[in-house]
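J.: Each chain, written out:
Number of protein chains: 2
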Amino acid sequence: MSGTLYLLPTPISSAPIQFALPADVIRIAQRVEHFLVEDAKSARAFLKKLGHPKTLRELSIVEIGPAPDAAKISDWLAPLKSGVDVAVLSEAGCPAIADPGASLVAAAHRNGWKVQPLVGPASIVLALMASGLNGQRFRFHGYLPIAAEARAAAIEALERESKSGETQIFIETPYRNESLFSALLDHCAPATRLSLSIDLSGGDERVQQCAIAEWRAMRDDARPPLAKRPAVFCLLA
Amino acid sequence: MSGTLYLLPTPISSAPIQFALPADVIRIAQRVEHFLVEDAKSARAFLKKLGHPKTLRELSIVEIGPAPDAAKISDWLAPLKSGVDVAVLSEAGCPAIADPGASLVAAAHRNGWKVQPLVGPASIVLALMASGLNGQRFRFHGYLPIAAEARAAAIEALERESKSGETQIFIETPYRNESLFSALLDHCAPATRLSLSIDLSGGDERVQQCAIAEWRAMRDDARPPLAKRPAVFCLLA
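Residue numbers (this note's numbering), protein chains in the order written: chain A, 4 to 240; chain B, 4 to 240.
Treat the hints with care, since some could be wrong.
Since copy identity is lost for identical chains, a pair holds within one copy or between any two.
[As the list claims (entries may be wrong)] Straight-line Cα separation of at most 25 Å, SDA-like style, residue types lysine to any residue; simulated pairs:
hint, residue 1, residue 2
1, K117, S106
2, K51, P193
3, K57, A73
4, K84, R222
5, K231, G68
6, K75, Q139
7, K52, P19
8, K117, S85
9, K117, A225
10, K166, A216
11, K52, D224
12, K57, D223
13, K52, A155
14, K117, P227
15, K75, E164
16, K52, V65
Honestly, the hints are just simulated from the structure, not real lab data.
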């Protein structure tokens, strides 16, 4: 019998691990000894916080990086073939969602090996739940273009798209949050609703949703501070 | 100071609650005494499993139904105004995602009350993580049309859409799963990939992903049994 490929979410904030993962998920993670991880350093910190019964030295922690090399996948997954469980971890949140991991999962399916996703923090879902915008239909875009003109065009396209009632979700690297926020205020219609979810699950968590016109009129100190904090944007025209 | 509107996910399977919710989330839920719930019966069963320190009789459990009445929202949220916390619960999974709750959250934002989403099971995210399909960009459609012709047109449209690399996610009521599955085999191209996630987090959990051509060639007993089980479909052309 083959091993199981676990998809193990990791915390998205500095809150205690007991705020991020169910106790039974922690127990499963404590039994796994083979980890395929986006980033070795953050994975080691996570496994320490998890209270893994083995020392880091006794565990196999293999870094797959942000763009896993397809040629290495079959070696990485080899333990599964001999009945040994493997867990995939991204740097924060759910592996394979806005993060690497999908190519490993696809390979496991091709081989008929068991794949088991585990419950944990998914910033996209937390942001959507807390946005007050339509959660019956939604679309996740990842990152928008960086160049001003291309970004403006993307914003206008997704605002148009959302007129059907479909919530549009996207993210940005923290140091570019302010600039994306300004672009949204510049290019969206006054009545379009925008939700900002900042530092989800963390000590500075803040979720705020209102119309573009209200965001424009708001004093800077009434807004959640965006700079250098993880943020998820939800938009609905 | 106002109370907090918690968005409290509930288990999506009969597995123990410790497999679904982080210990700190369980602790928060045990402190709340006002619950706005999609379905009172399942909410009571959940609160018992949760080991809430108060008896069900001492708690306020108000049923908001699958389509909350807008005229009642301000009464429902009144405790928040006086500093009392309120939690929104759907029948299973995350409130406000493919489930009621968003209109309550929107009202809380209009009043400037604190909204806090909590970590728990989201079948859409678990299914996508385990699908091995693209998790960098995806779209959730909810339910497809039921009538054969409209459903075929919807399937063809989302298969076309997914050629851009965007994974398409949709659900069906359990007793119609088999019929949706047949329609997908009938209307999609042989190379299109389809993932079925059945009874996520439950004892009969099974996730399987392959090309439409492989699904077509598969013996019935090699496929996960779909009838009457909760399922999430992910598709990528």
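J.: Within a copy, between copies, both or neither: where do K52 and D224 come within 25 Å Cα-Cα?
T.: For K52 and D224, the Cα distance exceeds 25 Å both inside one copy (35 Å) and across copies (43 Å).
J.: Evaluate K117 and A225 at a C-alpha cut-off of 25 Å and name the case that applies: within, between, both or neither.
T.: Between copies, since 14 Å is at most 25 Å while 49 Å is not.
J.: For K117 vs S106, is the C-alpha pair at or below 25 Å within one copy, between two copies, both, or neither?
T.: For K117 and S106, the Cα distance is within 25 Å only inside one copy (15 Å; across copies 39 Å).
J.: Between K57 and A73, at a C-alpha cutoff of 25 Å, which is it: within one copy, between copies, both, or neither?
T.: neither (29 Å within a copy, 54 Å between copies)
J.: My question is about K117 and P227: at a cut-off of 25 Å on alpha-carbon distance, are they close within one copy, between copies, both, or neither?
T.: between (42 Å within a copy, 12 Å between copies)
J.: Tell me, please, which holds for K52 and A155 at an alpha-carbon limit of 25 Å: within, between, both or neither?
T.: neither (42 Å within a copy, 49 Å between copies)
J.: Up to 25 Å between alpha-carbons, please classify K51 paired with P193: within, between, both or neither.
T.: This pair counts as neither: shortest intra-copy Cα distance 48 Å, inter-copy 46 Å.
J.: For the identical chains here, do K84 and R222 meet the 25 Å Cα criterion within one copy, between copies, both, or neither?
T.: Classified as between: cross-chain Cα gap 24 Å, same-chain 59 Å, threshold 25 Å.
J.: Can you tell me if K75 and Q139 fall within 25 Å by alpha carbon in one copy, between copies, both or neither?
T.: Classified as between; 21 Å across copies, 39 Å inside a copy.
J.: If the cut is 25 Å between Cα atoms, do K75 and E164 qualify within a copy, between copies, both or neither?
T.: Neither way: K75 and E164 sit 39 Å apart in one copy and 31 Å across, limit 25 Å.
J.: With identical chains treated as interchangeable, where does the CA-CA distance between K231 and G68 reach 25 Å or less: within a copy, between copies, both, or neither?
T.: within (23 Å within a copy, 40 Å between copies)
J.: For K52 and P19, with the copy left unspecified, which applies at a CA distance of at most 25 Å: within, between, both, or neither?
T.: Result: close both inside a copy and across copies, 8 Å intra and 23 Å inter.
In terms of the numbered hints stated before, the structure departs from hints 2, 3, 11, 12, 13, 15, listed from lowest to highest.
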